[in-house]
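K.L.:
All chains, please: the whole structure from these sequences, using the hints.
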Amino acid sequence: MQMQKWLVSTVLGLTLVGGAGCGPQEQPAPTPAPETTQPQQPAPQQEDEGRAVSSMAATAITWEDFTRAHTTTSLTCISARYAHSCAFCASNNDYQLEYSNSSCTGPNDTFNSCITCDKAWLTDIQPVYLPDGDLINVIVEHNAASPDVVEFRLESGSAVTWWKQVGLVGGGDHWKVWNENGNSWCNWPSASTANCNTNSQWTSIVTDPGSYFVFSKAKGIFAVHTEMYRLYNLADRLSGGDRVTFRWTKD
Numbered sequence: 018m019q020m021q022k023w024l025v026s027t028v029l030g031l032t033l034v035g036g037a038g039c040g041p042q043e044q045p046a047p048t049p050a051p052e053t054t055q056p057q058q059p060a061p062q063q064e065d066e067g068r069a070v071s072s073m074a075a076t077a078i079t080w081e082d083f084t085r086a087h088t089t090t091s092l093t094c095i096s097a098r099y100a101h102s103c104a105f106c107a108s109n110n111d112y113q114l115e116y117s118n119s120s121c122t123g124p125n126d127t128f129n130s131c132i133t134c135d136k137a138w139l140t141d142i143q144p145v146y147l148p149d150g151d152l153i154n155v156i157v158e159h160n161a162a163s164p165d166v167v168e169f170r171l172e173s174g175s176a177v178t179w180w181k182q183v184g185l186v187g188g189g190d191h192w193k194v195w196n197e198n199g200n201s202w203c204n205w206p207s208a209s210t211a212n213c214n215t216n217s218q219w220t221s222i223v224t225d226p227g228s229y230f231v232f233s234k235a236k237g238i239f240a241v242h243t244e245m246y247r248l249y250n251l252a253d254r255l256s257g258g259d260r261v262t263f264r265w266t267k268d
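For what it's worth, my numbering labels the leading residue of the sequence shown as 18, then goes sequentially.
Note that these hints are calculated values from the structure, not bench results.
Treat the hints with caution; some may be incorrect.
Said to hold, decoys possible - 20 Å max Cα-Cα, derived EDC-like pairs, lysine to aspartate or glutamate: (1) Lys236 - Glu197; (2) Lys267 - Glu81; (3) Lys267 - Glu244; (4) Lys136 - Glu115; (5) Lys267 - Asp111; (6) Lys236 - Asp111; (7) Lys236 - Glu81; (8) Lys136 - Glu172; (9) Lys267 - Glu115; (10) Lys267 - Asp151; (11) Lys236 - Asp149; (12) Lys267 - Glu197; (13) Lys236 - Glu172.
To be verified - Ranges between beta-carbon positions, derived for each pair: (14) Ala77 - Ala104: 27 to 37 Å; (15) Ala74 - Ala240: 18 to 28 Å; (16) Asn250 - Ser209: 24 to 34 Å; (17) Ala240 - Ser175: 31 to 41 Å; (18) Val155 - Leu114: 37 to 47 Å; (19) Cys134 - Asn200: 47 to 57 Å; (20) Ser256 - Phe105: 52 to 62 Å; (21) Trp219 - Asn154: 21 to 31 Å; (22) Gly227 - Asn200: 37 to 47 Å; (23) Asn198 - Val145: 19 to 29 Å; (24) Asp141 - Ser163: 39 to 49 Å.
Beta carbons: idealized from backbone N, C-alpha and C, even for Gly.
P.N.:
Structural data, given as structure tokens:
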């Protein structure tokens with residue numbers, strides 16, 4: 018009897034164990050495939066004379082930006098300091114500070130004096146720099162070229178040696194003048210010319226509303242050629258036969 022009970026319990030135990038092993042197994046959730054990201058495309062670049070000009074957004078400027086200036090007027094000594102009479106300083110508004118700091122006891126004091134200088138109102142005019150700290154002077158000469166073209170010229174000041182360029186964009190072309198270290202070149206759509214600092218374009222293209230000048234310069238430790246400014250509304254200042262000279266005097 019004991020043997021029977023043992024056999025029955027053994028069979029039941031094996032059945033339970035077998036059932037646990039033979040049931041459907043719960044499959045683990047599939048691991049999602051990592052998302053693929055498209056590589057970022059480099060920013061488009063514009064072709065230059067064998068090098069590239071960065072396509073960063075250039076700042077739109079106006080003709081007036083070339084001539085903006087801060088004007089201040091100040092009362093300034095134009096002579097060495099010397100003794101004025103108390104009466105002189107007391108009666109002249111320009112010398113009130115000196116009079117108040119003097120030993121004068123009053124306008125009629127003839128024993129003491131007012132130490133000051135001859136003064137004049139002087140005007141100081143300081144140019145306003147373009148957004149990246151540049152100064153570009155502009156001169157327009159009329160009747161300097163053939164009436165059917167407008168010439169444009171780029172010069173650099175004596176202290177400006179890094180690469181600078183001015184280009185005229187319009188009519189499907191980008192005509193350029195650039196200079197560096199005292200040397201200059203011109204670029205037509207298909208050619209480069211050394212020792213050239215003046216280029217030209219048809220008057221009808223220059224005065225078209227869609228045409229503009231673009232000013233570029235080398236920036237940073239790697240001297241990356243970078244578009245800095247764009248000048249639109251060329252017809253406001255230019256007409257056939259004009260020559261416009263841009264002189265980059267500070268960068």
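K.L.:
Which numbered conditions among the earlier hints are violated in the structure presented, ordered from lowest to highest?
P.N.:
5, 6, 7, 8, 9, 14, 17 and 22
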